[in-house]
Structure formats: C-alpha cells, structure tokens
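Q: The lines below spell out each chain.
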Amino acid sequence: MLLGSPDPDSTEIFAETVINGDPSYAGPLAGVSLGLDVFHVLEPEVRGVSSSSVYDSQVGLMMNTLDSDSIITAIRRVRNDTQPGDGTSR
Amino acid sequence: MQLQDKVVIALGERDGIPGPALAEVAKSGGALDVVPFTLCFA
Numbered sequence: 000m001l002l003g004s005p006d007p008d009s010t011e012i013f014a015e016t017v018i019n020g021d022p023s024y025a026g027p028l029a030g031v032s033l034g035l036d037v038f039h040v041l042e043p044e045v046r047g048v049s050s051s052s053v054y055d056s057q058v059g060l061m062m063n064t065l066d067s068d069s070i071i072t073a074i075r076r077v078r079n080d081t082q083p084g085d086g087t088s089r
Numbered sequence: 000m001q002l003q004d005k006v007v008i009a010l011g012e013r014d015g016i017p018g019p020a021l022a023e024v025a026k027s028g029g030a031l032d033v034v035p036f037t038l039c040f041a
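The listed protein sequences correspond, in order, to chains A and B. At position 21 of the first sequence the residue is numbered 20 (numbering that gives the first Met the number 0), and the sequence of numbers has no breaks. At position 34 of the second sequence the residue is numbered 33 (numbering that gives the first Met the number 0), and the sequence of numbers has no breaks.
In case anyone wonders, no lab produced these hints; they're calculated from the structure. Careful: at least some of the hints might be erroneous.
Stated by the list, open to error - Away from chain B, derived, C-beta distances all over 12 Å, residues of chain A:
| id | residue |
| --- | --- |
| 1 | 4 |
| 2 | 20 |
| 3 | 23 |
| 4 | 27 |
| 5 | 29 |
| 6 | 30 |
| 7 | 38 |
| 8 | 44 |
| 9 | 72 |
Claimed, not checked - Which chain B residues face chain A? A few, computed with CB under 7 Å, are given here:
| id | residue |
| --- | --- |
| 10 | 2 |
| 11 | 4 |
| 12 | 7 |
| 13 | 8 |
| 14 | 9 |
| 15 | 11 |
| 16 | 12 |
| 17 | 14 |
| 18 | 31 |
| 19 | 35 |
Idealized CB from N, CA, C, for every residue including glycine.
The following block holds chain A by itself, in its conformation from the complex:
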C-alpha cells in the first residue's frame, strides 16, 4: 500500500489500520490484521525505485510543501512497532 497522506497523524492511523487493524475500533477493520506492507510516497525508498522524472513531476511540489521528515518518522515508527507482512506474498 502506498500512502499520500498530508500529515504524520493521518499517516500513522492509515498505516496502523492496514497493518494491525483499526486502532479506534470504529470501522469494519477493527480487529482485522491485514499485515500489508505500507510505505509513504515521500519516503526515499519509494523515490529510489521509481522513475525520477515521473516522481519529480507527480510528487516534487508536495515534497517541498509537506512536513516530509515528520511523516517519514511516523510511518517508520508504525512499521517498527508492528509485525507487517514480509512483502513476498502480496
């Protein structure tokens, strides 16, 4: 799953929901652990595996506008604190 959320809070909630299940227990994914591999488009790993010209044209402007460091810190914290899938079967 690839996220394009604009702030660290929403990034954290989206990531946790599709890895462990809805943390608020309010939606249909409450208690449902999908274990998906989740990345944010602003992460250097994503930039590294995509075309630089496409990345710059589609994401470049927002990369300078959004708080990239906080977003990247948030999604890495969720990934490190949870048990995601190994990325080989999905």
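Based on these hints, arrange chain B on the given structure of chain A.
A: For chain B alone, kept in the frame of chain A given last:
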C-alpha cells in the same frame, strides 16, 4: 522495498498527494497493477 510486479493500493488524499499521482509513481517503478483512491475530508 520493491514495486516490481506488485499490486499496489494507492491511498491518496486531496490535501496531500492524490491517488492518480501515486499510481503514476508506482507504475513507473514497475508495479503490475495499481488501484488508486483519493480521500477528501473537507
């Protein structure tokens, strides 16, 4: 991470990066298929 031959769910946001932009990035990395969404909380 790897995008090559992966099926990607692209969850974009209107106030951030929209789904179609994420889809273009994923396809440029070799994703097999991309399902794009764009959320709006306004």
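Q: Take the hints in turn and mark each one as holding or not.
A: Consistency of the hints with the structure:
no.: 1; hint: 4; in the structure: 5 Å, violated
no.: 2; hint: 20; in the structure: 16 Å, holds
no.: 3; hint: 23; in the structure: 15 Å, holds
no.: 4; hint: 27; in the structure: 15 Å, holds
no.: 5; hint: 29; in the structure: 18 Å, holds
no.: 6; hint: 30; in the structure: 20 Å, holds
no.: 7; hint: 38; in the structure: 6 Å, violated
no.: 8; hint: 44; in the structure: 5 Å, violated
no.: 9; hint: 72; in the structure: 16 Å, holds
no.: 10; hint: 2; in the structure: 5 Å, holds
no.: 11; hint: 4; in the structure: 11 Å, violated
no.: 12; hint: 7; in the structure: 5 Å, holds
no.: 13; hint: 8; in the structure: 5 Å, holds
no.: 14; hint: 9; in the structure: 5 Å, holds
no.: 15; hint: 11; in the structure: 4 Å, holds
no.: 16; hint: 12; in the structure: 5 Å, holds
no.: 17; hint: 14; in the structure: 5 Å, holds
no.: 18; hint: 31; in the structure: 12 Å, violated
no.: 19; hint: 35; in the structure: 9 Å, violated
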